[in-house]
Amino acid sequence: MKRTNFMLLAIALLLAILPLLLPAPNGLKEPFAGADDQGMNAVTTSNPDYQPWFNPLWEPPSGEVEGLLFALQAALGAGLLGYYLGLRRGQSQTRQQDRVDAGD
Amino acid sequence: MHIAEGFLPPLHAAAWTAISLPFVIFSARRVTRLMQDQPQTKLLLAASGAFAFVLSALKLPSVTGSCSHPTGTGLGAILFGPSVMALLGTIVLLFQALLLAHGGLTTLGANVFSMAIVGPWVAYAVFHGTLAINAPLAMSVFLAAMLGDLATYAVTAGELALAFPDPVSGVGGAFIKFAAVYLPTQLPLAVIEGLLTVVTVNLLKQYSRNELDNLAFALGGAK
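Residue numbers (my numbering), protein chains in the order written: chain A, 1 to 104; chain B, 1 to 223.
Warning: the hint list may mix true and false statements.
Claimed, not checked - When the alpha-carbon atoms are kept at most 30 Å apart in a straight line, the in silico DSS-like pairs for lysine-lysine are as follows:
1. B/42 / B/205
2. A/2 / B/42
3. B/59 / A/2
4. A/29 / B/177
5. B/59 / A/29
6. B/177 / B/205
By construction, these hints were calculated from the structure, which means they are not laboratory data.
Kindly generate the complete structure, drawing on both the sequences and the hints.
Structure follows, in structure tokens:
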């Protein structure tokens with residue numbers, strides 16, 4: 001199982017890195033722009049009259065702060081997930097050890 | 001899949017909010033009941049939410065030369081059923097709308113509908129549908145997470161198409177245009193999400209057998 005998981009993670013990593021190594025597709029105005037932004041651009045291109053009627057209540061004052069908050073989001077998620085898996089792994093090992101100790 | 005703040009006309013924004021709200025309220029009650037009936041699964045539920053939290057923060061490059069992010073909602077949908085994900089997904093989207101100016105409050109209903117409602121339901125249906133035809137568990141988990149991810153982006157394209165139909169080709173033509181923006185970029189990311197979900201389920205099978213046996217997951221005969 002461990003080997004399967006490592007292989008799956010390796011494939012996932014490869015899929016994420018490969019686009020950076022391959023030559024970028026031609027005719028890109030901005031390489032690796034966000035698809036969410038491109039979606040909104042498609043709206044404004046085909047509907048030049050449309051004005052967003054509401055603005056975000058608060059925006060990160062710079063790209064740095066935005067990066068910080070995205071990193072925070074990922075860290076909170078990964079931290080909790082790692083805590084959970086580590087806790088359960090430890091518990092299942094303790095159970096196994098108890099069985100061994102009990103001569104089971 | 002985040003429709004930016006103010007980017008849906010007021011009528012559409014209100015309609016998607018009205019559609020999503022009952023799902024989120026039902027979800028909150030479902031989660032409350034789950035906590036009462038099976039308090040031992042509380043931590044696993046939090047971990048499922050955390051999975052969506054981290055995956056939706058990762059903007060990954062795609063072969064199309066654009067970046068996008070997975071949704072991470074398939075895991076929780078498979079483990080707890082799709083209805084709990086409406087609440088968890090809404091929490092993720094609120095965090096991003098308020099702190100990152102990513103998505104928005106006026107478009108929250110539409111974004112919740114695509115990421116926290118349709119995605120999880122598609123994942124759940126694919127998971128049980130493929131298990132019913134005796135697909136291996138890993139294959140079912142992979143397809144569920146991958147297709148749930150893609151469905152989320154397809155719904156976003158649909159929401160934009162309904163709000164901004166093409167003057168010539170109508171809603172259908174606009175849908176094809178928006179889908180062409182999202183789906184090719186999303187395909188490899190959906191595969192990544194599928195793989196990561198399989199790895200997580202493998203770990204859970206190894207370490208969290210007791211919890212899985214108590215959950216909807218056990219219904220799939222996923223021994």
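Item checked: Numbers of unmet hints, in rising order -> 6
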